[in-house]
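Once you've looked at the hints, dock chains S and F against the given chain U.
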Amino acid sequence: MSWETVIGLEVHVQLATQSKIFSGSSTAFGAEPNTQASAVDLAMPGTLPVPNEAAFKYAVMFGLAIDAEIGKESAFERKNYFYPDLPKGYQTTQLEKPIVGPGRVEIALDDGSTKDVRIHHAHLEEDAGKSLHEAFFGGESHGMSGIDLNRAGTPLIEVVTEPDMSNAAEAVAMAKKLHSIVTSLGICDGNMSQGSMRFDVNISVRRPGEPLGTRTETKNLNSFKFMEECIAREVQRQIDVIEDGGQVVQETRLYDGASKVSRSMRSKEEANDYRYFPCPDLLPVVIEDDYIEALRKTLPELPDARSTRFQSDYGLSAYDANLLSADATTASYFESAAQQSDAKLVANWMMGELAARLNAEEKEFADNPIAAEQLSALVARISDGTLSNKMARQVFDHLWTGESDVDAIIDKHGLKQVSDSGAIEALVDEVIANSPQQVDNYVKADEAKRPKMMGYFVGQIMKASKGQANPQQVNAVLAEKLAGLL
Amino acid sequence: MSIEQKDIAKVATLARLAISTEEIDDTTDRINKVLNLVDQLQAADTDSIAPMAHPLDAVQRLRADSVTETNNRDGFQAIAPATEDGLYLVPKVID
Amino acid sequence: MHTKTFPNTIAELAAGLRAGEFTSVELTQHYLDRIQQLDSQYNSFITVTPELALQQAAAADTRLAAGDAPLLCGIPIAHKDLFCTAGIKTSCGSKMLDNFVPPYSATIVENYQRDGAVMLGKLNMDEFAMGSSNENSFYGPAKNPWDTERVPGGSSGGSAAAVAAQLAVATTASDTGGSIRQPASLCGLTGIKPTYGRASRYGMVAFASSLDQAGVITRSAEDAAIMLNTLASYDPKDSTSIDREVPDYTTDLGDDLNGLKIGVPKEYFEAGLDADTEKAVRNALAEYEKLGAELVEITLPHTHLAVPAYYVIAPAEASANLSRFDGVRYGYRCEDPQDLMDLYTRSRAEGFGQEVKQRIMVGAYALSAGYYDAYYKKAQQVRRLIKKDFVDAFEKVDVIMGPTCPNPAFKLGEKTADPVAMYLEDIYTISTNLAGLPGMSIPAGFSSGLPVGLQITGNYFDEAHMLNIAHRFQQVTDWHKQMPAEVQS
Chain U
0 MSWETVIGLE VHVQLATQSK IFSGSSTAFG AEPNTQASAV DLAMPGTLPV
50 PNEAAFKYAV MFGLAIDAEI GKESAFERKN YFYPDLPKGY QTTQLEKPIV
100 GPGRVEIALD DGSTKDVRIH HAHLEEDAGK SLHEAFFGGE SHGMSGIDLN
150 RAGTPLIEVV TEPDMSNAAE AVAMAKKLHS IVTSLGICDG NMSQGSMRFD
200 VNISVRRPGE PLGTRTETKN LNSFKFMEEC IAREVQRQID VIEDGGQVVQ
250 ETRLYDGASK VSRSMRSKEE ANDYRYFPCP DLLPVVIEDD YIEALRKTLP
300 ELPDARSTRF QSDYGLSAYD ANLLSADATT ASYFESAAQQ SDAKLVANWM
350 MGELAARLNA EEKEFADNPI AAEQLSALVA RISDGTLSNK MARQVFDHLW
400 TGESDVDAII DKHGLKQVSD SGAIEALVDE VIANSPQQVD NYVKADEAKR
450 PKMMGYFVGQ IMKASKGQAN PQQVNAVLAE KLAGLL
Chain S
0 MSIEQKDIAK VATLARLAIS TEEIDDTTDR INKVLNLVDQ LQAADTDSIA
50 PMAHPLDAVQ RLRADSVTET NNRDGFQAIA PATEDGLYLV PKVID
Chain F
0 MHTKTFPNTI AELAAGLRAG EFTSVELTQH YLDRIQQLDS QYNSFITVTP
50 ELALQQAAAA DTRLAAGDAP LLCGIPIAHK DLFCTAGIKT SCGSKMLDNF
100 VPPYSATIVE NYQRDGAVML GKLNMDEFAM GSSNENSFYG PAKNPWDTER
150 VPGGSSGGSA AAVAAQLAVA TTASDTGGSI RQPASLCGLT GIKPTYGRAS
200 RYGMVAFASS LDQAGVITRS AEDAAIMLNT LASYDPKDST SIDREVPDYT
250 TDLGDDLNGL KIGVPKEYFE AGLDADTEKA VRNALAEYEK LGAELVEITL
300 PHTHLAVPAY YVIAPAEASA NLSRFDGVRY GYRCEDPQDL MDLYTRSRAE
350 GFGQEVKQRI MVGAYALSAG YYDAYYKKAQ QVRRLIKKDF VDAFEKVDVI
400 MGPTCPNPAF KLGEKTADPV AMYLEDIYTI STNLAGLPGM SIPAGFSSGL
450 PVGLQITGNY FDEAHMLNIA HRFQQVTDWH KQMPAEVQS
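Protein sequence lines correspond, in order, to chains U, S and F. With numbering that gives the first Met the number 0 applied, the first sequence corresponds to residues 0 to 485, in that order. With numbering that gives the first Met the number 0 applied, the second sequence corresponds to residues 0 to 94, in that order. With numbering that gives the first Met the number 0 applied, the third sequence corresponds to residues 0 to 488, in that order.
Hints in this document: simulated from the structure, not taken from any laboratory. For clarity, every value in this text was computed on a predicted model and none was experimentally measured. Take every hint as true, because none was put in to throw you off.
Quick list of the computed label-pair ranges, beta carbon to beta carbon:
1) F/A57 with S/N70: 28 to 36 Å
2) S/N70 with F/D372: 42 to 50 Å
3) F/D372 with U/R205: 30 to 38 Å
4) U/N219 with S/T67: 25 to 33 Å
5) S/S19 with F/E394: 47 to 55 Å
6) F/K265 with S/Q41: 20 to 28 Å
7) F/D391 with U/N219: 49 to 57 Å
8) S/Q41 with F/G412: 26 to 34 Å
9) U/Q235 with S/N35: 50 to 58 Å
10) U/E250 with F/P49: 57 to 65 Å
11) U/A304 with S/T67: 33 to 41 Å
Using N, Cα and C, we set each Cβ at its ideal position, and we do this for glycine too.
Pulled out of the complex, with its shape left as it was, chain U reads as follows (with noise of 0.2 Å):
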């Protein structure tokens, strides 16, 4: 018998801001522990909370891009709990008043259609720090974790969605299309290793028709790859329970990606009874329509839209148009690259030897170590006749390595192709010349034979050239000479 798969996402955004979303502190990715954690951060008594005008306008911006309904009056309450990476014991939160109401995100399947997953709501918190394992610091081994709490204090939004997804493939393409939103807005780095999105998956499975499954949430999902991944064992994992006879027990688990196992949190075993009230440190936060207006005029360029704009001013296929548009800096480099050269070249430079490359060295497109003006130049090379495709991948070899002029890497390497047709002529008479029997072989030969006969001469005038004469130009005046032999 058939099984379906319910999934529901809550994904952590990372809001970009400069200072914490209750307090001036850095969010600087990567300082020395606890240098960003100030008196508030550090709930030392008596120390208040003053919220950040830009985690509320990039909260805004992210609920105009997902037509949703913008909380007005919106408000904070506090969620107690205790843990050591909660410096106050509570976290400040968004319940009975979000920032952004319901909305809805279009996803793209892989057979061609779409689908609505829609949003419940998406409200602002602040993130908590960091409890370190003792392995990772000091090297003592004295059973005791290490609290950093820089991260605490950081701005997130957590996007909270119906349960609309119903395989692996749907909530991997949804958790793509949150990170192009929310990147090409310019509200999160979208940076997964440094955990700038994380993403919960709620999980249930049943017969279809019957009622809703019990549900198991898998925390902190920081790559594409672990969540697909995690979904398909962990569905896998619930049937199996299911079909020899046992119940899924609600829960939380956590997924480790190197080791492909998930197992129960051992922390959230304790039934958690949060609490929630409103915080009395903090007011209701009004957002007025001239704010939500003028924001809404100036919003950067959505994923959808600029896909569409990529197919018709690029000229793009919809498939290379979507990847292309996706995330914000990849979008604005291809048009940067595109701006003074092939735009369709340089897609296929993008989406081929750029890719293939990041991808084998594990490197995220922003640690991408050529720049757009020098893939630009690649390709106008290209499109001139100046290099062969064979002689763009050695410049590109080049340009990868940290050499950073094109032009200069040709004449540095003699990578220019020969494309005087003066010279391309003279080589071409010179090996002809030089090879009477094998021209006697050509002239004698059947029609039908002598295409693959020129392969020798082709390869002479090469050899002869150094590789660098333009093959088409080489192909062209060797067919007109040897049929002038006929």
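Only chains S and F this time, still in chain U's reference frame:
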């Protein structure tokens, strides 16, 4: 409403307060006195009355997004019970 | 021994400093000597800071000599020990913070530094401001200088005892449910809690954030006005602080009271009010009639629900506010914690006193699943009804008066067995906090030789008017000049 000892124990856990068996009788008794007092609220007619979280009808001001804090880790950790390598130490955290 | 004698109000001392009759260093030394000699009787200070005080006094003298110094410059005051003072222990009356030396100061502490006031030290209080007798202090109770077998009131017991015993000219305090007005009443002093949002809460260790408000305890309304001029400020670091111009509270002190409409709530004179207290308050009201005021009987019909609503809302907020005391980043940490749970539960059980733990549990219970609507939400609804009572009353009257407390100072230990008996001490003061209104207590007579306070409740941001009303009373009465016999000699 009155509260029983087992509920007191539950609330104490929720609030992370160790409570000894010697204390629990007296604590339960005192908390029940308070709950009897607050139960007077139940007689109030509050239909259609919106809850009031703040005494004043003020709205929240928002701060400009700029970094105004500088590192004072040493100052803060000078009064911490246990630190190492700039981290606050706690008994092992288990996820 | 210093032979000089000093007056005891800010107004007189400021004049004396400017006239060159004495220096701030002399004045400060005089107070430091008194603290050293006498405070063992009153236990009003948790920490005394003599060196810092004398440094500040010397700086004040320099500033005074240069002219144009603020009125408070060189005046020895002390802060309730819940206002953070950079580099000086801020205990909040708790073992939990017995080792806590904040690296920052409360905004109001900075305000007093800015104006040159000299800080003598930090004052005793009920732990985390929870209490009405100062008996919940980790440092032992402060004593009432009128009778050291009696309580000075709470939670700002040290703030009141220190002024009453002339160990500080004036003190800061805080009021969540009556913690300024009740001790001022019990110690024969003037105390004012301004409108919620008028003074910054930044750096004031929180008890119940939507109710807490800083204020002052002084010998006179005029002194209170001078102290409030410095205390009140808009603070961008406190989201609930109100961005509104601070008037000079001394300007209108002398205005006449002709036509003033005083609301007298009938609910404040019902069963439970001590007879001599009622008599003193009625006499004070009669005095106001002589000053040209009109008494109007009013009703605050939800008064009886104020204490119940408060004992849900305040503990609920406290239960979250006090979660940060977990033994991780500062404050008390238990010995040798076995695991994380042990660290939390033992640090908190050992670091907090009984009343604090009890209120945390009541608050956690009131917020917990299944009880939120019946307790917390209901209390918030009642809170709105209580506020509406006042809003309606202020349509008819300018100010509301009645007793501050149902009885004069009670004996140490008298009300510790039953928490509710202690809570009812604040029966007349609590609704002011729920509504966020400014409240004041001024001396109005005696009951069995112990001071009685008259409570003045004003409309929002009407502090200047309240101080004027109090000052005019003090011009025609001398209750506020009375001193405990022991202190006088």
